[in-house]
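Starting from the known structure of chain V, arrange chain F on it as the hints suggest.
There are 2 protein chains.
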Amino acid sequence: MKEFDEYLAMVNQAIANLRLPERPAGLYDPIRYTLDCGGKRLRPVLALAACHAMGKEPMTAVHQAIAIEMFHNFTLLHDDVMDNADVRRGRPTVHKRWNMETAILSGDAMLTTSTMLLAIKAGEHLASALDLFNGTAMNVYEGQQYDMDFENRLDVTVEEYMEMIRLKTSVLLGCACGMGALMADADFDSQLQFFNYGVNLGLAFQLQDDYLDTYGNPETFGKAIGGDILNDKKTWLLIMALKEDEKGIVKSLIGKNDNPEEKIEKIRGVYDSLGLPDRIHELIRAYIDSAIACLDQINMQPEARSFFIDLALKSATRNK
Amino acid sequence: MKEFDEYLAMVNQAIANLRLPERPAGLYDPIRYTLDCGGKRLRPVLALAACHAMGKEPMTAVHQAIAIEMFHNFTLLHDDVMDNADVRRGRPTVHKRWNMETAILSGDAMLTTSTMLLAIKAGEHLASALDLFNGTAMNVYEGQQYDMDFENRLDVTVEEYMEMIRLKTSVLLGCACGMGALMADADFDSQLQFFNYGVNLGLAFQLQDDYLDTYGNPETFGKAIGGDILNDKKTWLLIMALKEDEKGIVKSLIGKNDNPEEKIEKIRGVYDSLGLPDRIHELIRAYIDSAIACLDQINMQPEARSFFIDLALKSATRNK
Chain V
1 MKEFDEYLAM VNQAIANLRL PERPAGLYDP IRYTLDCGGK RLRPVLALAA
51 CHAMGKEPMT AVHQAIAIEM FHNFTLLHDD VMDNADVRRG RPTVHKRWNM
101 ETAILSGDAM LTTSTMLLAI KAGEHLASAL DLFNGTAMNV YEGQQYDMDF
151 ENRLDVTVEE YMEMIRLKTS VLLGCACGMG ALMADADFDS QLQFFNYGVN
201 LGLAFQLQDD YLDTYGNPET FGKAIGGDIL NDKKTWLLIM ALKEDEKGIV
251 KSLIGKNDNP EEKIEKIRGV YDSLGLPDRI HELIRAYIDS AIACLDQINM
301 QPEARSFFID LALKSATRNK
Chain F
1 MKEFDEYLAM VNQAIANLRL PERPAGLYDP IRYTLDCGGK RLRPVLALAA
51 CHAMGKEPMT AVHQAIAIEM FHNFTLLHDD VMDNADVRRG RPTVHKRWNM
101 ETAILSGDAM LTTSTMLLAI KAGEHLASAL DLFNGTAMNV YEGQQYDMDF
151 ENRLDVTVEE YMEMIRLKTS VLLGCACGMG ALMADADFDS QLQFFNYGVN
201 LGLAFQLQDD YLDTYGNPET FGKAIGGDIL NDKKTWLLIM ALKEDEKGIV
251 KSLIGKNDNP EEKIEKIRGV YDSLGLPDRI HELIRAYIDS AIACLDQINM
301 QPEARSFFID LALKSATRNK
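Chain order of the listed sequences is V and F.
The numbering of the first sequence is the numbering used here, which starts it at 1 and goes up by one.
The numbering of the second sequence is the numbering used here, which starts it at 1 and goes up by one.
For reference, chain V alone in the conformation it holds in the complex (with noise of 0.2 Å):
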């Protein structure tokens, strides 16, 4: 195995490679932009670590990963503008920077693009990497389209918040090791469970942002902290408080921000009251184990065992 970073540097590496037209402009320097925007790029790097695991060289699933990075980027490209996202990593997002028509269609150029990027060198495996990319696509929808529906609910129970969070963005880190395995020609149950390693790393990830969003050092997290707060959304924090504040503190206050700083205070010192955050953490601890007890039942080296499992316990303890 290697390091995270190396790992990393093919990606960044394949990515650089793209050789996208020049023309139409107006359609393809969007994309490039997006591409070019950074990010953690963990979903490559899982695909490409798996692959390594599973006994090939990690360039065997390169098409592979940069096809799920792609579409992950056409998924914010796309959610920011049903968002009304002005900033995204720091930059303005495309259909700010141009206009929601060239956010739209760019959109749609990357998301044929990644499944053009998928069937490259996919061999004997493109029908099976294609109902799996397909698949994990649907998902991510569906989840998209719940996360969306639960804005005007005040109902969602924990159920629900973790089946939308599982939809929206954990399928995809599943995939991208999934894929990494298949394009091993590993065995299906190894898929599977590398496949689920990604999915629980995934709802463990995203509880940790809901976390960090509220609690998180705005220096090391990078933007503003209270976001989730003063956009009521529906987070596994807010759930859990709309469920057991039984003084109603937190519904009276849903709707209502003309006092940004006094709503997040008094909202996160509900959370506070209710033991939220030391629960969170709980919640993700056994996120963080159920991955790690997926690896137990796929045949690997012990240190590709232990690159896994630092990630895991890192993705838990982040602050960024």
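In short, the hints are calculated from the structure, not lab data.
Keep in mind that the hints are not guaranteed to be accurate.
A pair holds if it fits inside one copy or across any two, identical chains being indistinguishable in the list.
[Claimed, not checked] As a list, the in silico SDA-like pairs of lysine to any residue whose alpha-carbon atoms are at most 20 Å apart: (1) K233 with G26; (2) K96 with D149; (3) K121 with D131; (4) K247 with G222.
Same frame as chain V, but now just chain F:
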């Protein structure tokens, strides 16, 4: 060979048999609504007929045929958002009936679903079918981008316009014909000639669309006449008039909509004085002849050839 309406019945049955998930309704209801729109179903019929003409049962290509129809409807859905169109085939567009977010997300799901359909029973042709389909999709996006770029230009040339409509609308008809031939195990040259037949048919079809928008009978055409003129749309007619109208009447009317009826009448007067109605029909006839010439390069039964010749001749003389 069968009649057009018999292939159409197969297509409509296959679309009716599609089993999309029920939930989340916000994602899947707009897809059902869009597919239920009617429409000519020209592309999937071409795919089944080309497959049949090449000696296989038409239903051999049915999944690929409805994949292309699904893709076509996806492009209409997203185009309507980009154009902020209120009505499509006599019904509210998805973003009017629901909202912009729903229209974007449901469209994305239709694009992924079209790729899933394409893969069903594609067998050994999967890689080729995907190449043809994805390459065509990229062309369609490029054409849409050029079309949007042209809105801000008065110096669009006829060559640029023909390339734009080739990309935006014609290659998808070529793709449908080529896909049918591919699924029938036809040799590559026959696939290519079928593709070229479809492209030429598509160019004739679009030019006839341009003609009908200005010169059609409102009762048979199904929408108000003169919409392209009022939108200053860079059609073949407008581009030719901008180039040849020495008095500058057309140019002086661009962007002015205070008297719509007079604008339509004046610009149509210029078209008439330049003989454009006759000249566009000469051009349409030339593309139809090119389409028919492609058929001569394909080894098929006379009744199969007649089917495609009739279709081409009808599309050049259609009034709706």
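Okay, the hints, checked on the actual structure:
no. : hint           : in the structure
1   : K233 with G26  : between (34 Å within a copy, 19 Å between copies)
2   : K96 with D149  : between (25 Å within a copy, 18 Å between copies)
3   : K121 with D131 : both (16 Å within a copy, 13 Å between copies)
4   : K247 with G222 : neither (33 Å within a copy, 60 Å between copies)
Consistency note: the structure conflicts with earlier hint 4 alone.
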